[in-house]
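Asks: Okay, here's what each chain looks like letter by letter:
2 protein chains.
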Amino acid sequence: MGSSEKTFRIGLVAPGGRMAESVAAQAKAVARKTYGDKVELKFHPQCFLSSGHFAGDDRQRTQALVEIGNDREIDAVWFARGGYGACRVAEEAIPQLGDAARRKAWLGYSDAGFLLAGLFKAGFKHVAHGPMPVDLVREDEGAAMKRGLAWLVDRDPRALEEGLGGKPSLAFNLTILSQLLGTPLEPDLSGRVLLLEDVGEYMYRIDRYFFHVTSNPNVRRCAGIRLGRCSAVPKNDPDFGMDEEEVARFWCERSGIPYLGRADIGHDSDNKVVPFG
Amino acid sequence: MGSSEKTFRIGLVAPGGRMAESVAAQAKAVARKTYGDKVELKFHPQCFLSSGHFAGDDRQRTQALVEIGNDREIDAVWFARGGYGACRVAEEAIPQLGDAARRKAWLGYSDAGFLLAGLFKAGFKHVAHGPMPVDLVREDEGAAMKRGLAWLVDRDPRALEEGLGGKPSLAFNLTILSQLLGTPLEPDLSGRVLLLEDVGEYMYRIDRYFFHVTSNPNVRRCAGIRLGRCSAVPKNDPDFGMDEEEVARFWCERSGIPYLGRADIGHDSDNKVVPFG
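Taken in order, these protein sequences are the chains called A and B. Everything in the first sequence is counted per this note's numbering, starting at 10 for the first residue and increasing by one. Everything in the second sequence is counted per this note's numbering, starting at 10 for the first residue and increasing by one.
I should point out that these hints are in silico values taken from the structure, not numbers from a laboratory.
Just so you have them, the derived chain B footprint on chain A, three or more residues with Cβ under 8 Å:
(1) 48–62
(2) 92–98
(3) 180–193
(4) 207–220
(5) 247–260
Here are the computed distance ranges between Cβ atoms for each label pair:
(6) B:111 x A:254: 31 to 41 Å
(7) A:111 x B:109: 58 to 68 Å
(8) B:241 x A:60: 22 to 32 Å
(9) A:270 x B:175: 51 to 61 Å
(10) B:174 x A:31: 49 to 59 Å
(11) B:176 x A:226: 26 to 36 Å
(12) A:81 x B:171: 55 to 65 Å
(13) A:254 x B:81: 35 to 45 Å
(14) A:18 x B:267: 45 to 55 Å
(15) B:176 x A:146: 44 to 54 Å
(16) B:41 x A:270: 52 to 62 Å
(17) A:250 x B:35: 26 to 36 Å
(18) B:244 x A:34: 28 to 38 Å
(19) B:81 x A:61: 49 to 59 Å
Backbone N, C-alpha and C fix where the C-beta goes; we use that ideal spot for every residue, glycine too.
Input sequences plus hints: build the corresponding full structure.
Replies: This is the structure in C-alpha cells:
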C-alpha cells in the first residue's frame, strides 16, 4: 500500500450542474493547505462537462457517479455542487453501486438530496447532508467547505448540527423533499427528525411546499420537523403575512407533526452536517 | 319561482388571491352584454377581502366557498381567480358541501386545481378546468372569460378542448398537480388522460415537476399525458437544452406513460374547457 495508506482520497462528481474549474482548483488548494498530503480531492472530469443545463448528459453523469462510487482507491464521495439534475441519474446509478460504494461516506445537499434520499433508502449507512466545495463561492474563507471536509476526513463532531442529540435524523432542501415524495427515491421517514431548509423560494411557495410535505402520510410518521434557514426569499407582493417559522408551525400543527424548533442548516456558510440515520 | 326561473345565477368565490373590484365590475358588464338578464354573476364579498397574500383569511375563504356551494339559489360556482391559497381551504370546505353543491358546475384552473381535484375525488360530477373572470386582464375582449361562461350557462361544445374525444380526462397546472400528489386531495388518475399546462416556471423546474409527476404510481396508471402550453418561461442560464415538449416526451417515455401530443389549454386567451370525467 505504501503512501496510499496515508492519503484520504475524496472523489468528486457533479450530478446536477457543471462545476467551474476555478472553484475546483480553489477547493484543492484549501484541502492542501488544511491537510497537506493527508487528503486528496479527485474531481472526476465529468464535473467540468457541459450539456445544456447539466454537467454532461445523463449517461455521463451516471457513469461518473458509479465509477467514483465503486472505485476502491477512493474513500469518500463528495458532491461538488447542486444545481439541478440528480433526479435524472439517481434511479439508474444507485443499483450499480457495490460494496465499496456502501463503505464510503457520501456528502452533499440541495439538489444532491435526491441522491442522499435514494442512497439512504438503498441502505447506505454513511450518507450526510452538508457543505460542498461549491460553497467556496460564498467567499467565507472556506468555512463551509472545511466543515464538510472535517466531517468526511475525521468525522469531526464540531461539524455536526448541534441539536441532533443522537436522534435518527434526515435533512433536505424543502423543495427537493417535496419533489421526491411519491417517487422511488422516497425513504422511510418514520420516527426520524426532519430538518428542512430552502433558498430562493417565494413565501407562498414555501407555504405550498409545507402543505404538500406535511400532508404526506410518510412525512406524518416522522418524529418532528426542525426548520433550517430559508434564505434569499424573493419579496412577496402583497406581503405574505407569515414568515417561514410561522408557516412551519402552522402546517406542523395542522398535520399533527411536532414542530421542534430551528435547525442550523441552510444555503450559507453556517450550514452544519446532518448524518442520515 | 317567477323571474328566477329565467336567470342563471353564478356564484363567484376567490379561494386564493384577492379579486380586484374593477375586474369584477368588468366581468359583470361582459356577462350582461352577452346574456342580458339571463345570467347573473354574484361575486361573494369575500372575493374582495385582503389578508396578507390571500382574499381573506382561511376561515373567511372556507366559509364563502361553503356558503356559495350550498346556496340553492345559485346554479354554478366559478372561481374568480387563482393566485395561491386553495390548498389551505379545500380539505375543510369540501366535506361541508351538500347535495345542492354537488348538482352545480364548478369551473376554474391554476391554483383552483387543488379544489377541482378534491371535488372530483369527493364524487362531484360537474367539475371543469377552464377560464375564469380574472382572464379579463388578458385584454382579449373577454374571449377566455366568455368561453368559461358559455360552458357554465349552456355547456356550449365550442368551449371544449377539441381533442377530448369522449375519453375521461383531467386537466391541471403541472405545478399544482405535483403539489397535490400524496395529499388527501389526490384523485384516482387510473385510465384518465391528463392534460397539463404551466406558467412562469423555469425549464429546469418543468423538468423536475415532470420527474416528480411521472414517477408517481397513480400518475403511471393514467391513460396518457397531453401537454398544454407552458408560457412565460423565464430564461434558463445556460440554455436548458430541451423545450417543454421534449421534456414531456422524455419523462413519458422513461415512465412508460403514453405521450398523446399537445393540448389546447394554458394561461392564455385560448385556454379551452376540460370537464373532469
